[in-house]
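Q: So the protein lines, in turn, are chains H and B. Going left to right, the first sequence walks through residues 1 to 159 as my numbering numbers them. Going left to right, the second sequence walks through residues 1 to 812 as my numbering numbers them.
For the record, the hints were derived by calculation from the structure and aren't laboratory data. Every value quoted in this text rests on a predicted model; they were computed, and no experiment measured them. The C-beta atom is built at its ideal place from N, Cα and C for all residues, glycine as well. Since no wrong hints were added, every one of them can be taken at face value.
A few chain H residues facing chain B, derived, Cβ under 8 Å: (1) G38; (2) T41; (3) N43; (4) E78; (5) Q87; (6) F90; (7) L96; (8) Q97; (9) R125.
Listing some non-contacts, in silico: residues in chain B with all C-beta distances to chain H over 10 Å: (10) V7; (11) L42; (12) R52; (13) E69; (14) E120; (15) Q219; (16) Y417; (17) T421; (18) W423; (19) V424; (20) E472; (21) G498; (22) E545; (23) F559; (24) D667.
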Amino acid sequence: MRVAMNVNGEEVGAEVEPRMLLVHFLRDELGLTGTHWGCDTSNCGTCVVWMDGEPVKSCTVLAAMASGRDVRTVEGLEQGTQLDPVQEGFMQEHGLQCGFCTPGMMMTARWLLDHNPDPSEAEIREAISGQICRCTGYENIVRAIRWAAAHQPAKEVAS
Amino acid sequence: MTATTPVPLSPAGNPIGFGRMLRKEDARFLRGQGHYLDDIKLPGMLHGAILRSPHAHARLVSIDTSAAEAHPKVKAVITGAMLEGLKLAWMPTLSRDVQAVLATDKVRFFGQEVAFVVAEDRYSARDALELIVVEYEPLDPVIDARLALAEGAPVIRDDIEGKKDNHIFDWEAGDREATDRVFSEAEVVVAQDMLYPRVHPAPMETCGSIAHMDRVTGQLTAWSTTQAPHAHRTLYSLVAGLPEHKVRIISPDIGGGFGNKVGIYPGYVLAVVGSIVTGKPVKWVEDRSENLISTSFARDYHMHGEIAASRDGKIKGLRVRVLADHGAFNGTAQPTKFPAGCFHIFPGSYDLDAAHCEVTGVYTNKAPGGVAYACSFRVTEAVYLVERMVDVLADELGIDPAELRRINLLRPEQFPYTNKTGWVYDSGDYGRTLEVALEKAGYTELRRRQAEGRERWRAAGGSPEDPGAGGEHLMGIGLSFFTEGVGAGPKKHMDILGLGMADGCELRVHPTGKAQLRISVQTQGQGHETTFAQIVAHELGIPPEDIEVIHGDTDNTPFGLGTYGSRSTPVSGAAAAVVSQRVREKARIVAAAALECSPEDLEWELGRWQVKGDPEKGKTVAEIAMLAHGTLELPEGVEGHLDASVVYDPPNLTYPYGADICVVDLDPGTGRVKVDRFIAVDDCGPRINPMIVEGQVHGGLADGVGMALMEAIQFDRSGTCLSGSLMDYLLPTSLDCPSWELGETVTPSPHHPLGVKGVGESATVGSPPAVVNAVIDALEPFGVRHADMPLTPAQVWLAMRGRPLRTDIVEM
Ligand code: FES
Ligand code: FES
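Turn these sequences into a full structure, and let the hints steer you where they fit.
A: Right under this line is the structure:
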């Protein structure tokens, strides 16, 4: 079947099997390998992307279900050559080690800050609790998101 | 040199040497531009999938692959029988055993590899697995390690000629007679059985490989998730008889390893076979279930500990018997002479009169492996044993666990200290580290609040009969003090499959003064590209941003055994320092030639050789590099260019140590435990990049919480693995972890050129006993002395009622 969607601002389309998962569509068809997969059971969250502005686990969404929608992946975080404050925060606070969970974590973090520009530590921990990081013990991910909250470009804070 | 010595900054603002520096590797990861195995797509690449056994022990009667072969997108179906024809059905393990690549005679564990399908895409490969028909004749399995050596137990490894039982090895360390004597004279002896359950490293990226065999040139290129590319190359050559110079292993970015990616898995070999058969590159990537049920588990040590002491708390001796469950094939990655790895560190951080341990390894019908998950070669098990035993003793004697440790910790003047199994601890000031941790935790105040809390619980109606009455929670405080021996290892003691555990390193300074460092170890997130550049910067004064660290490609790096057992900085880091020092010495000769003086007239000032007493006259490393590549006439016997290579054979292990304190909150109504605080004070010598060191500790602490409270690979009596998904094998989330509180002391290693000791596994080693000790401490009102990990709500609930379960087997 044919699917067509907007990914990071670009219209894309392809002929795929109806059972194809969005994560595989992004990775294998579009070559957007920044989105990862780490489990078969929707537990790990390495696959988190946005669909119509909401974080979803792309291993649990069929490419067909994303047809006609707006998808945003980690590759769409950087604006021009300007890193998103979340990306900058992950670097400044050493919020990543192997980097495998990082794209999913950053997509959730970006969403959180768009909806809650000054989250508490508890709110951050809650927001990322559906995603697993095996390397960082979460401490520096929390700090990275706090860093980003403190360095938001003022105009871009959504209501 | 300590972590606090200020170092000059480079033009980019990075420390030229030790200090906090943002990671070089982050730039690609943050943009989704990491290059992990499954991101690699080669022209014409095919996809493999493995059919796995649904039985733990069964005879293979027949396999019918015809329907799978008829699938329009299937290119090949490979069975054990076919591999036998190629002499590839069995492969050597890292412990001089063999493991079936695909089953030929029997299947020996649930999830064992039975057939391999190669297809045009990953979905079709999976589809075709379902078309393969296998007939099995089920056999009685050996699931309970404690019954593996029982009379009449089914023999798992009847493939080994003459094998009549499930015994693998017996190994002992320490002085049996002296220990028995100490025990017979002791005022107090306490014993405790404990299990360190089978756990799994479960890195977020699973394992996989892409093999491309070029039929014309005979060149095999394998991209693999490997922590040890050079060891893999040699093993591929041994397994498949491929000429080693035609084998190239590339380790791309690795999404976490923790020991899971040390060994070679059947899937890697099958990808090679698939490529040989089809002439195309073949990718095989396991799914999460395959990762959990079939690849390297860790631990699975059934331990019996006995501790002897005087009434006033002086520990005299330790006696340990271990039953080690190695699964169906002995595939642990251990130095040859040490089938129980570095378990001989079990006397821990204490000043004992005598100690002795015996370890017996057995086969069971479970997945093979045995060393993984940041364990420092079984130091994890040893530290858990001794730190639990000390708490059991504290309970027996009615002495505070902190006080009991104070009494018995080794004293600074005893270093270098030869422990009771003959290993020489290099340096330490244990008492100070413990006091820093106690101070940071506010230990006395914590004990006071705990006593008040217990009072409140009782007053509200809480009792062993009705723990939840009144709704009050109980606080638990747990300590552990660990000593690790890492940086394997001195060649005279340590090898794997005859390969000595020394590491090569090469440094080239280019004419313009920029450098490339080639290392043999493999980062999986530890940040080698940054840390190793800092080591060279420290020694040569070249800004770290001007140093490229090259790793992960056997064609482009010197031989070495890879990254595990916290060996990167102790071994390869030392190699990087020594090779830099060699380049520095060569630079001195070149500078002297240019300055027309003798090398002895020059002194080193970071990044520059200058004339003693006339510092204006000198040459920077960049200037020297250009001279070394230029036309300057060099002294007789001195070659041009500015590079060097080295093989570093460590004279000893390094011995990082630390004190961990855990504070838990127990809801006695549900058995739920929450880690409220965790204080970790580590002494790993000077910290090259304190930011990275702290990150390593954070991750290890989360591992410890996971193992103590939720992680276990469990089986039912039929041998079915019950932990085959992340819904069943629980990993700690952000809500399970507190905000870690870290501290440090700095005691350099006297024999490492930088004084550093390694830290990658320290927290994983030290934290599980601290968490368990805290939970058992919270259970004090119930008179609980021990319960096995994982201390899930159910296990704690049962412990409160005096009947904790064994956690290796789940009775259905
Ligand atoms: S891949 Fe694990 S949640 Fe999507
Ligand atoms: S950085 Fe490795 S899993 Fe999070």
